[in-house]
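Residue numbers (my numbering), protein chains in the order written: chain A, 432 to 629; chain B, 807 to 1277.
There are no misleading hints in this set.
No more than 30 Å apart at the CA atoms, straight line, and that leaves these computed lysine-lysine pairs for DSS-like: (1) Lys507/A - Lys1127/B; (2) Lys1223/B - Lys1173/B; (3) Lys469/A - Lys1223/B; (4) Lys1127/B - Lys489/A.
Covered stretches of chain A (in silico footprint by chain B; criterion: 3 or more residues with CB under 8 Å from a CB of chain B, positions within the stretch not fixed): (5) 449 to 460; (6) 513 to 525; (7) 538 to 548; (8) 597 to 609.
Please keep in mind that the hints were generated in silico from the structure rather than gathered at the bench. Ideal Cβ placement from N, Cα and C applies to all residues, glycine included.
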Amino acid sequence: MAYDKFNTLKSSAVPLPIENVDTDQIIPARFLKAIERKGFGDNLFRDWRYNGDGSEKKDFVLNNPTYSGKILVGGKNFGSGSSREHAAWAVYDYGFRCVVSSFFADIFRNNCLNIGVLPVQVSADFLDKILKAIEADPNATFEVSLPEQTITIDSSGESESFDINAYKKANLLNGFDDIDYLLNIQEDIREFASDRPL
Amino acid sequence: MNTKKTLFDKVWDSHVVQHIENGPDVLFIDRHMVHEVTSPVAFLGIKNRNIPVMYPEKTFATADHNTPTINQHLPVEDPLSANQLRMLEENSNEFGISYWGLGHEKNGIVHVVGPEYGITQPGATIVCGDSHTSTHGAFGAIAFGIGTSEVEMVLATQCIMQTKPKSMRINVEGSLSKGVTPKDVALYIISQLTTSGATGYFVEYAGQVFRDMTMEGRMTVCNLSIEMGARGGMIAPDEKTFEYVKGREFTPSGAAWDKAMAYWESLPTEEGAEFDKEITFNASDIEPMITYGTNPGMGIGISNGIPQADAVEGGVATYRKSLQYMNFSEGDSMMGKPIDFVFLGSCTNGRIEDFRLFTSLIKGRQKAPNVTAWLVPGSHKVEKAIKDEGLLAILNEAGFELREPGCSACLAMNDDKVPAGKYAVSTSNRNFEGRQGPGSRTLLASPLVAAAAAVTGKVTDPRELMELETA
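With the hints as constraints, model all of the structure from the sequences given.
Right, here's the structure in full:
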C-alpha cells in the first residue's frame, strides 16, 4: 500500500538504549492475529510496557511522560529476529516516523522502508551523542532530513549523514511503493518467466 | 578480474529481471510459500488494487503458526486464530492457490512441507513471510524471509525488490564428535558470530561437516542462519540433494528432470571464487550446546559456565538484563539446572531425524515427573513416519505423548504456552523474552539435549547417558 511522504522531520525523541531489541519484544506473537493492518500501536512493546494485569510498568520509557516525539532511538542490532512486518506497523501506528540505531537487522529495515518509517543508521559515537542530548534535556529536538540524508542534534548543531538507497529515497520522498513500480514492468517479468528452468 | 562465481552469485544473477541503477534488483521468485499470519494484509492489498495473483501455480499456502496441536478435527477455539485460518482458506480459493489447511494430509509447518513435497528445489529463489525461510537454502536455493508488503509484491508480480547482499562462506572442517548434532553446529556458529555477526550477508556453508551432513541436518543449519542476522544460508547441491529431491510430488520428472539436473549440477561455487568474508571453524571445538540468555547468540558448550559480562562483546547492561530475565548468574554452570518443559518440534527440529534422535536417548528410560513434554511433529508426514517406524511406541512406553503438527510452542501463537517463570528446553530457534509465552524462559538445544533433560528433569549432558548405554 502507498504510504505517507517523508521529507524532513523535526521532533523530540524517545530513548530505548537496549541492544538486540528483537521483533518479538516490539510486537509479541500473540498479537499477530489481526487480518487488517490497524491497531498495532496499542501493543507496541506490550510485555515491556504492561504488567500481566494490564497496568502500566512505570519504569518503561513509553509510560514516562517526560519523553515523547516521533523518533525512537534504539540500541545496536535493533529489530532482530522475526520477519513480521507487524513490528514496523506497531512502530508506525504508535506514532513514530523514524527509528535511529547504530545497527539494524535487515528485514526490519526493509519492512520500515516499505511502510514509510525511516530507519536512520548512525555511528555508535553519534548514537551516544543523541542519547546524551536526550539525557540532558528530554525535550531536545532532532532534525532528520531525508533530502540531505542527515540527522542533526538541534541543541549542539552536530550532524551526521546516513545512507539510504537512492531508489528507496525517491520512493519515500514521493510516497510511492514497490508494487507500483513492479506492475509497470509486468510484461518484462512475464517474458523473463517464460524460459525459467524451474 | 576474478570471473569465478559462487553458488550464491549464480542463483541470484540468473533471477535478476532488471537492475535499477543506484537501486535494488528486481528478483524473480520461483516459489512463494504463504501462511495465515503474514498474508491476510497482503491479500487485502491486492484485492484493493483489484489485481490477481500473477502466478498462483508458484504459490503454496499452508496453515501452521496458529494451529492447535490437539483435536485438530474440531473447530479452532480461539476466534482470532480461527478467523486467520479461514481468511487463508478463502484467499487461497479466491486466487487459485493450493491450500494445505488443517486436516489436509499434506498440512504441516511451511518449511517442513516444502522440502517434503519437492516444492523446494536447488537453484530456486524461494520466499515466505517468515524469517526461517532460510531453511530451504539446504538445497542450494536462495531462500529468505520477507515482510507483508513484500508478500503482496510477490503475489502481485512474482518479484521482489532487493539489494544484493554481500557473501560470506563459513567452513566447518573435520568431523563432529559423538553427541554433537547439526543444531549444535548452528548454535556454536551463532555463539561465535553473535546475532548480528552476519547481518548484510548471505552465507554459504562449506567444509567436511556439511558434506557429511544429511539433508535434514543441513535444513536445521540453514534454518538458523537468520539468527546470526544473515539474510539466508545455503549449501551447494550434491548427490545427497538430488537423491532427496528425486521422485517427490512437485519435483520435475522425465525430460524436465534432465533439464533441471543440468542446471543443478552447474551451481556449486567454483574453485577460486571470492567471498566478501570467509570464516573457518574446527568441528572438534564443538560440543553439545545450550543457550542461557535471551537471544540465540547467548549459547555455550554444555559443560562450560555462563560467561562473565566483561568477556562478552556488546553492552554489559543488556547482557545483565538478559541474565536477570533468565534468573541466572555469571559463572553459573548450566548442568543440573532444573527445568519444567521440553519442546521437541518447530521448523528447526521437527523432522523425522529429530524424532529418531530424541527417541534414541529416551528408549528404555522414563520421562521425569517434573517435566511437561510437548512433542510436536513438523508435518503429518513426519507424524506418520513416527508411528510407522515404531518411535511412537517407544515414546509412549517412556511416558511421552505425541501431539499434532504445527509451529506450536516455538512462538506460542496457539495454546501451547510455557507459563511465566518456567524453564523450557526447546529444540526451536528463539529464546527471546516471552517467545514461548509471556515470562517464559527458554533454553535452546538439540533434540539429544532435550531428550536428556526430559528424562532427568534438569540440564544434562546427553553424552553421559550415551556413555551409560555403551558401557
